[in-house]
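A.B. asks: If you read the protein sequences in the order shown, they are chains A and B.
So for the first sequence, my numbering puts the first residue at 1086; every next one is plus one.
So for the second sequence, my numbering puts the first residue at 2; every next one is plus one.
Hints are computed from structural coordinates only; laboratory data are not their basis.
Mixed in with the good hints there might be a few duds.
Simulated crosslink set (DSSO-like; lysine-lysine; CA at most 30 Å straight-line) [what the hints assert, rightly or not]: (1) K37/B - K1148/A; (2) K46/B - K1148/A; (3) K30/B - K1132/A.
All values derive from a computational prediction rather than experimental measurement.
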Amino acid sequence: MKKTALSIRIYRLLLRLLPVDFRWDYGLEMESVFRQQEREVGTEGGKAGLMKLWWRTVIGIFKTAPGEHLDVLRQDTAYALRAMRKNIGFTIVAVVTLALGIGANTAIFSVVNAVLLESLPYTNSDRLAILWSSYEDAGLARAPASGPQLLELRARSRMFKEIAGVWASNGALTGDGEPEAVKVGFVTWNFLSTLGVTPASGRLFTEEEEGAGSPRVIIISDGLWRRRFGGDANIVGRAIMFEGRSLTVVGVLPPDFEILFPPDSSVPADIQVWIPFPYDLSASPRDLAFIRMLGRLDAGVTLEQAQSEVTSIAGQLRAEFLEFEKVKVGMEVVPLQQDAVKEIRPALLALLGAVGLVLLIACANVANLLLARAGSRQKEFALRAALGATRDRIVRQLLSESVLLALIGGGAGLLLGWLGLKLLLALRPPGLARIEPFEFNLPVLGFTFAVSLVSAILFGLAPVIESSKVNLSETLKDGGRAGSTPGKQRSRALLVVSEVALGLMLLIGAGLMIRTFTNLQVVDPGFNPEHALTFQLSLPGARYPDTGKRVDFSRQLNERLTTLPGVEAAGAISHLPLDDYPNWYSYYWKKDAPESERNTRMADHRAVTPGYFQSLCARLVAGRDFNLMDDADGRRVVIVDEALARRTWPNESAIGKVLGFEAYDDGSFVPAEAEVIGVVRHIRHHSLTTEFREQLYIPYPQSARPTITYVVRSSSDPLNLVASIRQELMALDKDLPLSKVRTMDEYVARAKTPARFTSVLSGVFAGIALLLTSVGIYGVISYSVARRTHEIGIRQALGAQSKDILRMVVGEGLGLALVGVGLGLIGAFALTRYLEGLLFNVSPTDPLTFAAVSVLLIGVALVACYVPARRAARVDPMVALRSE
Amino acid sequence: MKEGRDPEPYLPLTPAMFHVLLSLADGEKHGYGILKEVSSRTEGKVELSTGTLYGIIKRLVNEGMIETPENRPSPDEDDERRRYYRLTPFGLQVATAEAERMEKIISIARAKNLLRGLETA
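Work the whole structure out from these sequences, hints included.
C.D. replies: Dropping the structure here:
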């Protein structure tokens, strides 16, 4: 007896694999048949027979269950589709709403995935780290290292498998056709192997190829190989001309290789040629810092261990070498992955938050629609329940409708996301350069699917909860007024309040971004970018070996440029503002300052020719500009910016004062003293938003660097000058490539892209949110008006005027909007401080933005209420009273 | 209501389905009865499990090939959890069509002398 009970219990468990309806229909019967089978087999077939019966039974149920479940799913889907078709207006609004929410999420997530989540395209990229130097006295972090510093670190470190260095510069390829300017990475021999790159052909560098007197070799990028050398299969071993010298190509990098360093490392992504340092790093001065160090952590070494080792090595270096002690050198280990996305990360996270809010608002809206519809469908469900549908079945039906809606919305969202991503990439800041025009990969598809399902649960729950409260007989008796329970109206009001609150938070965020962008439009960078054309030249060392040759060239070119028709002024600078060329900054000090104060202040150093300030419309506030007399043999003079002048000689004129600094003289830095002859307005060199360091300008002949950028001010469209400039240059030196031909406006626009990106995108998302929120308010108020038609009729019969009705209805909507705005303001106060890093000249709790957005949202709410309110006010009391 | 429907789309039936229809051809039976009949007619070669059987019953009921009669056998010979099933006219049509289809195949096989051995046996 007990044995039977056990087997039946097991059988019942097995039956649970079947859909509930199936069990409901046939469960008891099946059990009874099984009992009979078991009894019979037990008496006739013995144990073996029983085993066979069980085997057959288990297999049978396992084979039947999937098909039956699929059947139910098919039925539910067909039913849901029918319900959706029956109410096509609702379906379209819901699908569009969801598509907007899901599409925005898909677009942003695909960027977040590509930039923040996917690992960098290097072997074991999680073990790569950048080693930054810091100079404590000057308050300088994230600085480069000197050659000896790298060698000492490499020799002493036990935690790093490899330590490598890179210094990016410019150079020109000559021979083989047109001269071409390229970005070059001078590297330690192990730099590329530390990254873990495998060459597409040839090999990487060997240790013997680095340093003075080593064989002259070069590795080129895939792009350069295809473009300049026509994909020559025999490129490896071929000699090519770089900066007038012959170098042997030893390798070509793979097409997908890219260098992903943080923007402030001055190691650009588009380096096309790689050359081992052609001089001994050990012979380079200990305080000549220009190398960016890259380390590969040994297996099992943690970041903390590496940091503590590096810190202790920095201590040893300070103790052993005066040069390191003088500047209080320190070192910091930062994972490359984290550092490479440092600048874009906050913007992406903010946008991810924004699209999250959009999705929540979309879900609230759809939930609202579903609630309204559930009201009119209550009778349908009551009827189905009365006909024997279980509650589970009805809930499942509702959920499958939601899931279907969400999946259709998700599909449409994927399409919208694809279009959105195109827009987004058109606006992308440089930090997003590595995203392919389109990549919808598995994680993105999975994310969209998951987001769709989560939204289905979010918006699908409301009607399910409501439907569980339905009282069967009441609903059936109630006829047409179903769904007017106060509870339902309350949950709809709650949804609208949260929509307004979420929308307000989003709008405020977007408002702050837009204010940031408009502030950027009016920021004064210290120069006038309009009508200014720029181009870069790199004078090759072979033909321009010394200062004299370079100065001669620059004077001749300047003369030719200024005589061109349409040119108002021309001049050149070693480091153009807002360009990504590696910065040049060093110490300066007041004349006769004690030794201890000579390493405390840094300024950006720039070499400029006469005419530069004029061509950029930079304002000289005191003294004079450089002229042709300020040459290599003349007495040393400098022009400083206001910041330096103020800091060094507060309340005094800087003109005529003497300043100490490090002059660059044919490849080395030497302490020098110079007289200040002029003061200029501060020029924003690195970003439009921040005033960086003080600035010090040296006459070009006194620091004749080989790479210079010309600025030519024109009276009309500066691009019209390009052809004639090219001619003049050809006449002077036909092998000199003209590179980076851009207007100054382009540099300024480029500096604005991050702000433009965040403000445009957050503006779009806020627009969507505003639209959805107003639709939500409109829906709820319309519904409420329809529900209260009878009441309104009575009021009118009792003497209420149209305007009273209008006021009552608008008041109801306004009440909801005000509560939402109140909650949204609290939320915004709590959250906008996380945006601080993205803002410029506007506080995260900017009262103007907060107020304007609140007024805007309340205004939109008023309009959304007004339409149904008018309808209510026009109600004919007789019709209204009969409406029951 | 379902008369006049074309049995063709339902053919060929799965062997198990055909056996269930056949077992009901000579009168209504309950689930266990169907199992027994199928098993004994096929000399134990086709043993349906409860899951398979009721999966088939559900489909046949949905397709209108079988039904549960309103009047059940007298209560004393009936288990209250038992339900009886019988062929509908359409079910009969489908079963007949399937049998005819098979017969045609058999006659082809016979014409090709595939069944000689069986005939002489």
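A.B. asks: All hints are to be evaluated individually against the structure, with a verdict given for each.
C.D. replies: Taking the hints in turn, this is what the structure says about them:
For the hint pairing K37/B with K1148/A, the CA-to-CA distance comes to about 21 Å; that is within 30 Å, so the pair holds. With a C-alpha separation of about 19 Å, the suggested pairing of K46/B with K1148/A holds against the 30 Å cut-off. Of the supplied pair hints, the one linking K30/B and K1132/A holds, its CA atoms being roughly 29 Å apart against a limit of 30 Å.
Figure legend: structure checked against the earlier numbered hints; every hint is met.
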